[in-house]
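Participant: Numbering (our numbering) for the sequence shown: 135 to 676.
Incorrect hints may have been included.
Pairs of lysine to aspartate or glutamate residues, derived as EDC-like cross-links and limited to a Cα-Cα distance of at most 16 Å, are as follows [what the hints assert, rightly or not]:
| no. | residue 1 | residue 2 |
| --- | --- | --- |
| 1 | 617 | 559 |
| 2 | 535 | 672 |
| 3 | 454 | 672 |
| 4 | 570 | 476 |
| 5 | 526 | 501 |
| 6 | 350 | 365 |
| 7 | 191 | 209 |
| 8 | 297 | 208 |
| 9 | 526 | 460 |
It should be emphasised that the hints constitute simulated quantities derived from the structure, not laboratory data.
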Amino acid sequence: MKPLLCLAGISLAAFIHAADKQPIVGIWLMGQSLCDGSESLPLVTPKDTGFGNYAFKRGVRTWLLNETPEKRPDEQFTLVPLTAQTNGGLGETVANGLADHLSVMQPAARHLVACAGQGGRQIQELSIADLSNDPRTPESRRHGGGYYLTSLDDARRAMQQAKSLGTSFRIGALYWMQGEGNGGPTGGIMPTRWDAELPRKEGLAWYRDQLIAYRKQWSADLCAITGQTGELPMFVYQTLGPAGDAQLMAADADPHIHMVGPHYAVPSAINSLYPPDRHGDPIHLSADGERWWGEQVGKVMHRVLHRGEQWQPLRPKSAKLDMTRDSVLIEFTVPRPPLVVDTSFLPRQEIATDAGFTSLAGFQVRDISGQLLTLTAVETAGPTTLRLRLAKPLPANQPCKISYGHPYTTALGNISAISKNGDDEALALSTSVAEKLKPLTDEGAILVTNLTGPNTRVAIRRVTEEKGVTMLHYDPRELRNGKPFAIGQSIVAQRSFSYGNLRDSDPEPAVHTFADATYGTRAGKPYPLWNWCVLFSDLNAN
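Assemble the whole structure, with the sequences as input and the hints as a guide.
Facilitator: Shown next as structure tokens:
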């Protein structure tokens with residue numbers, strides 16, 4: 135893809151020469167596996183995109199095991215065009231999507247992206263506390279550390295490089311991609327690997343305060359190196375699990391923390407493939423998913439940093455039962471109205487019952503006792519208002535609670551037969567569900583799990599039709615815990631992430647397009663930059 139300036143008649147060589155003296159703006163990343171590009175392969179940005187952005191010669195990922203940051207060789211810190219690089223099971227990061235989008239929207243600077251994190255790390259392991267080296271840390275999670283000091287030394291190296299080029303360097307923004315590592319098994323927060331899980335309410339407050347403190351110290355320490363004054367803004371994505379709620383709390387409490395939104399719309403690493411024949415884990419992102427999400431972040435950074443927009447993600451403001459008490463009206467903060475209940479780009483999320491749905495478009499409603507209420511429809515009632523229709527009116531004075539986000543998409547019926555042919559096995563269904571599955575197959579691989587019998591799950595990578603029956607093909611080596619399916623089991627399709635179907639109508643165009651044509655049907659199409667609703671729970675309605 136050619137950069138926009140070249141399309142305007144300026145050659146790439148002239149563009150780069152003219153940009154040599156432009157200020158260099160750093161985008162400093164920190165986080166765990168989604169930050170370091172775990173399993174995001176094959177690369178979709180292996181070559182210079184021509185937008186003039188930088189990485190250090192050693193790559194976007196600047197942390198390596200058993201290195202003392204300040205002793206890293208100087209020659210590894212010359213500036214080179216920003217591209218994705220492979221390092222074992224690490225691949226594409228958000229870097230190109232983020233920086234390239236920023237460069238199109240604000241071409242007066244060149245961006246240097248650096249990430250000093252590592253997959254699987256907790257917040258205090260990535261902080262100056264550096265708990266990776268605490269002797270209480272389990273053996274399997276030791277032998278890391280130095281992430282925070284690496285990030286600071288990266289800034290020193292960037293200052294030196296800018297000086298050698300006769301230009302300036304400053305940090306433009308911080309981007310935080312961590313949170314899952316602190317999630318507890320019962321919905322609370324694990325502050326360390328050896329302490330007891332904090333209950334949800336207490337844990338969310340703990341993580342909120344930790345994240346705010348992290349931003350303040352990171353900002354102060356980096357500014358001491360670059361000579362900047364004021365506070366550096368931090369952008370975050372909503373992680374899955376309890377930390378995602380705590381991040382929203384931190385963004386509400388600290389004006390310098392900005393929640394971009396959830397990443398559930400992008401494809402997961404179950405679509406990744408790297409030698410010899412390995413697919414990624416559902417919790418990670420495909421290479422297109424990383425670059426696409428990077429564009430989302432770049433879009434929000436531009437609106438906050440350059441337009442001064444008071445950014446808020448798509449999120450609920452309030453909810454109330456209407457006068458007839460047979461529907462709930464939810465008012466949302468919508469970045470770019472109107473609201474859309476989109477069941478074309480993402481499959482309609484549903485759990486059906488005889489009378490309606492216990493979960494629909496991602497929404498669930500519970501009564502005062504915690505029992506699920508039956509929904510009949512989810513529909514827009516205005517540019518920023520959504521209506522959830524109930525199968526039965528709620529009794530007078532009885533409140534309800536609303537949550538949003540569920541991984542199940544649609545029931546597929548029962549397994550009528552299982553065929554086996556070497557490494558290819560297939561679940562035969564009693565009917566055709568190809569139409570239901572199309573939004574899923576457009577995205578890529580499908581996860582299927584059983585609802586009866588010993589629980590198992592597998593990635594479906596090929597769907598065929600035989601005599602009006604849908605056949606779901608999979609590799610038995612990908613069966614979760616090696617457990618097989620059984621004839622007669624009821625199964626359901628699901629996405630890798632909890633999700634819903636509510637988005638806004640943001641028209642901003644993407645710089646990049648889907649590039650990996652080995653899965654789904656979206657190759658060549660631009661990434662859509664709509665804003666999807668954040669995941670939430672316990673929204674009260676009276």
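Participant: Looking at the structure, which of the earlier hints fail to hold?
Facilitator: none
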